[in-house]
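K.L.:
Could you put together the complete structure from these sequences and hints?
For the sequence shown, our numbering begins at 8 and goes up steadily by one.
Honestly, the hints are just simulated from the structure, not real lab data. Some hints here could point you the wrong way.
Restraint-style ranges between C-beta atoms, simulated for each label pair [as the list claims (entries may be wrong)]: (1) VAL375 with LEU395: 25 to 35 Å; (2) SER43 with GLY87: 20 to 30 Å; (3) GLN342 with GLN378: 49 to 59 Å; (4) GLN124 with GLN342: 44 to 54 Å; (5) ASP321 with SER59: 52 to 62 Å; (6) ALA332 with GLU115: 35 to 45 Å; (7) GLN124 with LYS325: 20 to 30 Å; (8) GLN77 with VAL375: 31 to 41 Å; (9) LEU395 with SER356: 17 to 27 Å; (10) GLU129 with ALA67: 19 to 29 Å; (11) ALA354 with GLN16: 42 to 52 Å; (12) GLN374 with SER41: 14 to 24 Å; (13) SER108 with THR70: 50 to 60 Å.
Bear in mind the structure is a predicted one, so any value in this text is a computation, not a measurement. In this text, a Cβ means the ideal position worked out from N, Cα and C, and glycines have one as well.
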Amino acid sequence: MSLSIKSNQASNIALRALNQSDRAMTASLSKLSSGSRVQSARDDAAALAIGSRLKAELSALKTVSNNATQGIAMLQIAEGAYARATDMVIRMRSLATQAASSNLSNTERGMLDTEFQAIKSEINRMAASTTFNNQQIVNSTVTLSYDPSYMPTTYTDYIADFTIYGITGIGSPGDWVMAGNNGTYNFVSNVTGKTYYVDYHTAIAAGIVSQNTTAVIYEADNITGLPTGVVAGSFTILQGADDGGVFVALDEAFNNTSAGMLAQSFKVSTGSTNNSITTNIFGISAANLGLSQARINTANDANNAALAAKVAIDLIAKARSEVAAAQNRMESSQQNNASTTENLELARSAYLDLDVASEMSSFTSKQVLIQAGISMLAQANQVPKNLLKLFQ
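P.N.:
Structure below.
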C-alpha cells in the first residue's frame, strides 16, 4: 500500500471500527438502562413477537383476576342477604306455627300478624337495598297475569288428560276450581316467578296427591308456544294442605334459572370467549319467596303461612348453595389464573428480559474497544504528519 498525504486508509479503517464499537456500546447501554433484551424487532424479531403475545395474555389475566375478585365480593353480599332473610323467614314460620295453635283467639293472632307483616316489609326493604355497584342483586319482582277470556269454570272427573288455560293467584278475581286425575297447566299470559295456591277437590296425577298428603306431583314441564312477549317457564306443585289447597311455585321464570325463584344472571369473564362463569342470584323479596299474600290472622291462614315459610326457607337454602358453588368456582379460577400468570411471566421474561450480568460484561468489553479505537484513530491520524518529514 502506497503512502499518501491526501488519503489516510488507516484512519478510515480505525474510524469505521470506532463507529461500530460506539453503536454496539450505545445498544448495550440502552438495554442496561431499560432492562429489556429486545429493544426493537431488529434485535430479535421472533422473541419480540412471542413476548408481545405473552404480555397481552398476562394483561388479560390480571384483568380476569380483578373480575373474579369483584364477582366474589358480589356473591358474598348476596350470601349475606340470604343469611339475614333465612333468619327472618324462620321467625315468620315460628310466628305462623304459634298462630296456628287452637288455644289462641283471632285477636291474639292479629297481634302476631303485626310482627309477621313487619318482617315481610323488612325482607322487601333488605332485598331492595342490597346492591353492588348501585345494582340491585336480590330484588327481582315478578307477577303472573292471565287472559280472562281463557278462564275456565270447573272440570270434573276426566279420566284422560285435561288442559286448563289460565291460573289465578291468591286475592285475584276469577277464582276457579278444577278436578280430575291428571293434567297439564298452560300459562297463557306472562309467566314470572311468584308462588300461588290453587284449590283441588280430587286426586291429581292418579292419586299421588290427595288431601292431607304431601308429595311432589308435577314439576319442570316447560311451557312452550306462548304469544309474542311472553317468556317460557314452568312450575312445581310442591305440597298438599289440609284445606285442600295446593302450593304452587314457578320452577322457571325464564330460561336457565333454578326452581322456585326469579333470578338475575351474572357473568364473570375468566379469559377467552367461551370461558366464562355464569351464575344466577335469586331474588328474595316476599313476592319471590311466595310470602306476599301470607298472613296469620286465622288458624287456617297460619297453617298456610307456615307451609309457605317452609318452602321459602328451602328456596333460600338452594339459592345460597348456588351462590356458594359459584363463589368456589371463582376462587378456583383465581388460583388457576395465579399459577398461569406465574408461568407465563417466566416465559415472557426468558424472551424479553435482559441478563444484566452477561450484558454488563459485554458493555465493559465494548468500552475497552471504544478506548482502543480512539487511541488507534489518533495514531492513524499522525501518519500524514509524519510523511511531511520526508520533505525536510
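K.L.:
Sort out which numbered hints this structure fails and list those numbers smallest first.
P.N.:
2, 8, 9 and 10
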